[in-house]
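Asker: Here are the chains, one letter per residue:
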Amino acid sequence: MSVTTEAPASSSVQRNKLIRQLLVPVLLIVLWFAATRKGAIDPIFLPSPEDVWNSFVSLSPLLPESLVASVTMTLGGFIGGSLFGLAMGLIMAYSRLAREIFGGVLDFFRPIPIFALIPLFILWFGLGKTPQIVLIVLGTSLVIGVATIEAIKNVPAVYIRAGLVLGAGRWTIYRSIILPAIFPHLLGAIRVAAASSWGLDVAAEYIGAQVGLGHLMIIRVQYLDTAGILVIVAIYCLLAIILDKIVVALERPLTRWTEKSAGKGIVGAITGAA
Amino acid sequence: MMKELRLESVQIAYGAKTVLEKIDLTVQGGEIICLIGASGCGKSTLLNAVAGLVPIRSGSIVLNDSPVVGPAADRVMVFQDDAVFPWMKVRDNIEFGLKVKRIPPAERQRIVEEKLAAVELTHAANLYPRELSGGMRKRVDLARALAVSPQMILMDEPYGALDAMTKERLQVQFLKVCEETNATSLFVTHDIEEALFLGDRIVVLGRNPGHIAHIINVPFGDNRSIELKRSAEFQQLRGEVSDLIH
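Protein sequence lines correspond, in order, to chains H and L.
The first sequence maps to residues 12 to 285 in the numbering used here.
The second sequence maps to residues 249 to 494 in the numbering used here.
Note that these hints are calculated values from the structure, not bench results.
You may find that some hints are simply not true.
Derived pair list, reagent style BS3-like, types lysine-lysine, alpha-carbon separation capped at 30 Å [stated by the list, open to error]:
1. L:K347 / L:K424
2. L:K347 / L:K251
3. L:K251 / L:K349
4. H:K256 / L:K337
5. H:K164 / L:K424
6. L:K270 / L:K251
7. H:K256 / H:K28
8. H:K164 / L:K265
9. L:K251 / L:K424
10. L:K347 / L:K337
11. H:K164 / L:K337
12. H:K164 / L:K347
The shape of chain L in the complex, shown without the other chains (with noise of 0.2 Å):
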């Protein structure tokens, strides 16, 4: 079970150029952290160390009492770019991670419909990626990366090309997901009424370079709906939000 996810002083640079730097963060389990900043801060490069597809120059990540080195399916991440494997059905593009931890074929078929029905894509589960919509194929992403039971869910701005409809529809999918599995999660994301309402915490990134500017808790508790969008004190917080980044 997810414990802790501790980032402490974390420095990543390219090069002489200095990325991201003293990063100290505590992700506890359960939690959904939204990091939010302008474009160009580093807050998909922070996501993709954490998930080890970028280096850190110095400080540690350490999850769960041991220190991350390299991509592993105890942190998977979704995608903003369509990831879905288009030359596999959705049912195969959700077993992938399966057959990789090598989980027998019965236990798999399982957990495939268990993550079908947790999406709303039962019905969809024999056809191609190019037969859904981006929504859609979103959804797939999230079961693929939920079916290896991971300790964490990466989220690199997973919703960002969607149109508002679909996206309101993905992120209360998500939040309730998130509940029945108690899922930990890294939502990076650039939209401020999105990082209201799936965040337990928002994390505001500064830029020149790359820093933790502002923790912000959000007081909306669980089990939101999409009418706290609507309310007068979400977004009264959201003015607020917009004020600390800009």
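With the rest of the complex left out, here is chain H (with noise of 0.2 Å):
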């Protein structure tokens, strides 16, 4: 049976795939003990991985308290921005009115970098939640804005067209052509706005945090404690991980219509080569 002789060829090559993808990283842990050992480098500029776990370690018992801090404000602002920004991205495109009004302000406002914005914020705010929340809000909603705008320029006429002769009004063109004509259009750019809602976190928790990841790393910064630091850069790594898997897979039963070839290359999607 052709089941079972392809069976043992398609594991081997499922073996050799996952050693190609381990390669590099296994190599960087070797290199990282290879160096660390026998105080080759300064602990400062790179602690050794028992260093790293130590500290760890003793972080732990924080950990919980900073890990909620940080997780709620990052989510609250991811979300709220990006409802926030999509929002804003529809308005601008179906009113021209509010075009007229905020499309100026909106060119001269974004190329702004919004980390030059934080003592503004810290005059503006004052210390605490509220600067950190609107920090992350504003930075996902230009991202998610832009991307909205763009993606709605390009939505194919025919299918505006198609709308129109089938006596669809404007309403009902935005809700059930634009929209989810849209959506595959702004996957990359959600994906993008949730990665740098961390780094946004981060900026966020130097405006006075007083519990929070980024908080616990501005200390282990002030104690030249490079191992916590480490332990803290890997936490949030980890966490935008997640945070992106759970955005892809949200998103997966909204885009099912489009075509997608996981795995493969965009040419050898289409010539059906590895």
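With the hints as a guide, dock the two chains, each given alone in a separate frame, to form the complex.
Answerer: In structure tokens form, the structure reads like this:
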């Protein structure tokens, strides 16, 4: 039977794939161990894996509280910012009045690096939660807002014409045609916003956070505790990966209608080659 | 019920450039009129004007005694480009116009099933458009147009991008559907055979600016089958029309 002859072949293909995927990470870890042996490198620059582990253990009592604080802030900012950005993008596309009133202002403010606004935020909103949330919401909503406007411009005109001749009004066209049509094009922007929301959280916690991962990191910096910093960086990295996976999983049912060939290159997906 | 579409001295212009002028044409209910002409003669523009997607400079377009102002579901268009919504299943695409018309759900279901059967796509009702061939997607587009019971079906070179075999099958199906529903259609094409096979009359447009050059009565009556295309009479007429265009 063909199934029994194919099974071992495909499992060896799977194994080879796994080996190739793990090659670079394993190599880096080995290099790390080797480089930090016998004090070859000053631990302030690069502490050994053991130091990092010990630091993790000593930080762990503080972690639950910090995690909760940072995760709620980041998720709240990311979700709020994404919805705000999407709504702004849709309103700007829908209403000429909104475009004329806000368009110029938006073009003026868009290029300002968001982190440069931190001192102003402290002046305006004081220290604490408000400026932190505003920073994350603003940072993510700009990414989503710009992507929404661009995606709407690229909706094929024929879909809108089809909607019009079938009797649909502008509201129906926006809800039933434009919104679903732009969604796959927003996926990239939503993932970028999700990833950058963690960076925004770190920056936000410089604005006088009393608890949180970023706050914890700021303290580690003052003690020149490189191992502790690495622990927190690793935690942020893990959180970012988890959020990315969740975003992709949530979006899948909404973009099922698009064609995708996972794990293949853009050319390979067409030619059928690996 | 569709009585007539009347175009009277219609002029269409983009800025200073006149695209079409002195278009006088009356389409009777149940008629299939094919618009044909060299590219750039404005045949698609004329169709878009009837759809209400392109404004006219002067003259009038009147459907059943009421002037055409803007797009509405009494004149539905089937496009050359792929206009089937890829994020909706076949069934939902056909249902779209019915939802816009606020038809009750049970009635919607009945109409969707009926139109699926009319274009022989009942088996594909729950597939997404990407899972269909180009010809099948055209059938979905036609079914979606038929579902809203339009007064007229406007066909904008719908089969232009299809292979010859698929095209013939869809032409036969289009005739059958039109006959069953007594549909009225304006059908733009650049394919003389298609125009002769489908049309009760053929309107030949000339260029610079676009105008009606000839109107040909097609003598083949109803109940046309694909064999008609192979007949000597058909081929001779085809030659004559070809001479008129070039």
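Asker: Compare the structure with each hint and give your call.
Answerer: Results for each hint:
1. L:K347 / L:K424: The hint holds at about 26 Å.
2. L:K347 / L:K251: Holds, at roughly 26 Å.
3. L:K251 / L:K349: holds (22 Å)
4. H:K256 / L:K337: Holds, at roughly 27 Å.
5. H:K164 / L:K424: violated (39 Å)
6. L:K270 / L:K251: holds (23 Å)
7. H:K256 / H:K28: holds (20 Å)
8. H:K164 / L:K265: holds (27 Å)
9. L:K251 / L:K424: holds (21 Å)
10. L:K347 / L:K337: Since the Cα atoms of L:K347 and L:K337 sit roughly 15 Å apart, the hinted pair holds (cutoff 30 Å).
11. H:K164 / L:K337: Holds. H:K164 to L:K337 sits at ~24 Å (cutoff 30 Å).
12. H:K164 / L:K347: This hinted pair holds, its Cα atoms lying about 26 Å apart.
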